[in-house]
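Read in order, the letters of the sequence shown are residues 0 to 457 in numbering that gives the first Met the number 0.
It should be emphasised that the hints constitute simulated quantities derived from the structure, not laboratory data. A couple of the hints might just be wrong.
[To be verified] With a straight-line Cα cutoff of 35 Å, these simulated DSBU-like cross-link-like pairs (lysine-lysine) come out: (1) LYS84 x LYS156; (2) LYS307 x LYS10; (3) LYS332 x LYS68; (4) LYS26 x LYS246; (5) LYS246 x LYS156; (6) LYS307 x LYS246; (7) LYS307 x LYS332; (8) LYS307 x LYS84; (9) LYS222 x LYS196; (10) LYS26 x LYS68.
[Said to hold, decoys possible] Here are the in silico distance ranges between beta carbons for each label pair: (11) GLY158 x SER223: 17 to 25 Å; (12) LEU2 x ASN154: 38 to 46 Å; (13) GLY7 x GLY236: 35 to 43 Å; (14) HIS27 x ARG345: 43 to 51 Å.
Here a beta-carbon is modelled for each residue, glycine too, at the ideal position from N, C-alpha and C.
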Amino acid sequence: MELSAPEGPIKDKYSLFVMLGEPGYPKHYREVWTMGDVGTAKTSAAMDAIILSAVNYPGSQNLVTREFKSYLMSSTWNTFNTRAKDLIKAGFFEWVDSKDMFRAKNGSNIYFLGLDRAEDRMFGEEWFRAAVDQGERIKEARIDMLHSRMRQKVNHKDGSLGSNWIKLTGNWDKGRGYPYRRVVSGGRLIAPDIYAKQITAIVGGEHITAHRLMIHSRIEENKSLTRDYLEHLVLAGDLSRRVAGGKYQDEEGVIFLEYQQDAQLSKVDYLDSNIIVGLDYGLAHPTVAVFAAVGIDGHCQILRDYVKTDDTVAGYAWDIGRIMVELERLGGKNFYVYGDRTMWRRDDDLSIATKFAEQFSKLPVEVSFAPAVRDVAGSVDRGINDIKEGLRYGTLKIAVDTAPNVASMLQSITYEDVRKDRSPIVDIFDATRYLVMNAELARDQEETEETPVRGWAW
C-alpha cells in the first residue's frame with residue numbers, strides 16, 4: 000500500500016502522523032493527535048494509519064471509533080472505503096458482522112464502533128491500535144478507558160514487535176479543551192507545529208514515563224484543495240473562521256440552540272419511575288433543584304424545577320423534600336439527589352450536605368444523597384455533552400409548563416454565561432447537568448453506592 004498524501008507542506012505532517020509507530024519511525028508515542036483546520040486530510044491520515052496497521056501486522060485487532068455510530072458510518076466509514084478501495088477490490092478486505100468489522104486475509108480485523116452504542120464490546124476487547132475521529136468531541140474519560148484496553152502484542156510482518164498507539168483527529172472549534180490540556184499545556188514544542196508531552200507516574204511499583212504528541216495543521220498547507228472548495232468556505236462566513244481559522248476557537252453563542260424543537264415534553268408520565276434531583280445550593284446565588292423521572296429505558300423526563308433565594312438550609316431542604324413526597328404520591332419509586340460537591344465542605348461543625356441529609360432523613364421516602372461530580376476537571380463540558388446527547392436522541396425531555404426555568408435556560412444560555420458564572424441562569428444549568436450526568440445511576444438502584452437516609456417524621 001502506498002500513501003496518498005495531499006500536496007504541499009501538509010504532506011510531511013500527514014506522513015508523520017500516519018507513520019509514527021512503524022519500523023524506522025519513533026515508537027514511544029502512545030497517543031498521537033492531528034489537530035487543525037478542515038481540509039487538512041486528518042481523517043484520511045487516520046484511516047491510512049489504521050489500514051497500514053491491519054496490513055502490516057497479521058492477526059491484529061484494530062479499532063475505528065467516533066462519538067456516534069451514525070456519524071462514524073456516514074463520514075469516517077466512507078473515507079476508509081476510499082482509502083482502502085484497491086485492497087477491497089483485490090479481496091484483501093471483506094465486511095463481516097453487518098458492517099461493524101473489516102476482516103483482512105492475513106487475520107487482522109478493523110472494527111467500526113460508535114461510542115454511543117458499543118461500550119461493552121469496545122472496552123471488553125484487547126486492542127492493538129485505535130483511530131479516533133473527531134476526538135475533541137469525545138469525553139476524555141472514554142479516551143482514558145480506551146488506553147486501558149491497548150494491550151495486544153502483535154509482530155510486524157518483518158518479525159519486529161509492533162507498538163500500541165491511539166491516533167486521534169481533532170478540530171479547533173471546541174476551543175482549548177481537554178486535547179490542548181493533554182498535550183500542549185505543559186508540553187514542549189519540538190518542531191514547528193509539533194508538541195510533545197511526557198507523563199510520569201508510579202504504576203505497578205515502577206516509575207513509568209509515557210509520551211503524547213500533537214501535530215497542528217492549517218488549510219493553507221494543503222495545495223491539493225480545489226478553488227471551489229475554498230469558495231464554499233468563504234460563503235460559510237463565521238463558521239469558516241471557527242473550523243479553518245488556524246487556531247483554537249473559544250466556544251461562544253447559545254449552547255443548545257439547535258435542539259429546541261425536540262426538547263418539549265407534551266405528556267408527563269410519573270408512574271413507576273425513579274426520581275432524580277439535581278441540586279445546586281447557593282449562598283449568594285439562588286438554590287436550584289431540578290426533578291426528573293428516569294424510566295427503565297434510561298429516558299429522562301424533567302418534571303419540575305425549584306429556584307429560591309434568601310432562605311435557610313432547612314427551608315430549602317424542606318421545600319425540596321415536599322416536592323419529592325408529592326412525586327412519590329404520583330408514582331415515584333426511588334429517590335436520588337445529586338448535589339454540588341462544595342456542599343460537602345466543612346466550614347463549621349456540620350457541612351451543608353449534612354444539614355440537607357438531616358432534613359431528608361425525616362421524609363417518608365428513602366433518599367440517596369451524593370456529590371454530583373467527583374472529577375471536577377472538564378465536568379462542565381461533560382455536562383454540556385450529556386445534555387446535548389440526550390436532546391439529540393430524544394432521551395431527555397422537559398415539561399415546559401412545570402419546569403419553566405429549565406426550559407428557558409436551554410433556550411438562552413450561552414458559553415459566555417457559563418464562563419462568567421452568571422446567576423441565576425448558570426445555577427439552573429448546573430442543577431440540570433448534575434441531574435443529567437447521573438441519570439444512568441438512577442435508572443438502576445443497584446448501581447448506586449450511597450446509603451439511603453430514611454425517616455417517617457413528616
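Status of each hint after checking the structure:
Under the criterion of a C-alpha separation no larger than 35 Å, the hint pairing LYS84 with LYS156 is consistent with the structure, at around 22 Å. Proximity of LYS307 to LYS10 is assessed by CA-CA distance (about 59 Å); at most 35 Å being required, the pair is judged violated. Under the criterion of a C-alpha separation no larger than 35 Å, the hint pairing LYS332 with LYS68 is consistent with the structure, at around 33 Å. Our distance criterion of 35 Å between C-alpha atoms is met by LYS26 and LYS246, whose separation comes to about 28 Å.
As the CA atoms of LYS246 and LYS156 are separated by approximately 39 Å, the hinted pair breaks the 35 Å bound. This hinted pair does not check out: LYS307 and LYS246 have alpha carbons roughly 42 Å apart, beyond 35 Å. Our distance criterion of 35 Å between C-alpha atoms is met by LYS307 and LYS332, whose separation comes to about 26 Å. Proposed proximity of LYS307 and LYS84 is contradicted: the alpha carbons are some 61 Å apart, above 35 Å.
Restraint check for LYS222 and LYS196: the C-alpha separation of about 30 Å stays at or below 35 Å, so the hint holds. Pair hint LYS26 plus LYS68 holds up; C-alpha atoms about 30 Å apart against a cutoff of 35 Å. Remark: the range hint 17 to 25 Å for GLY158 to SER223 is contradicted by a beta-carbon distance near 36 Å. Hint check: LEU2 to ASN154, Cβ distance near 22 Å, so the stated range 38 to 46 Å is violated.
Range check, GLY7 to GLY236: Cβ separation about 25 Å, and the 35 to 43 Å hint is violated. Between HIS27 and ARG345 the C-beta distance comes to about 45 Å, which sits within the given range of 43 to 51 Å.
Of the numbered hints given earlier, the model fails hints 2, 5, 6, 8, 11, 12, 13; all others are met.
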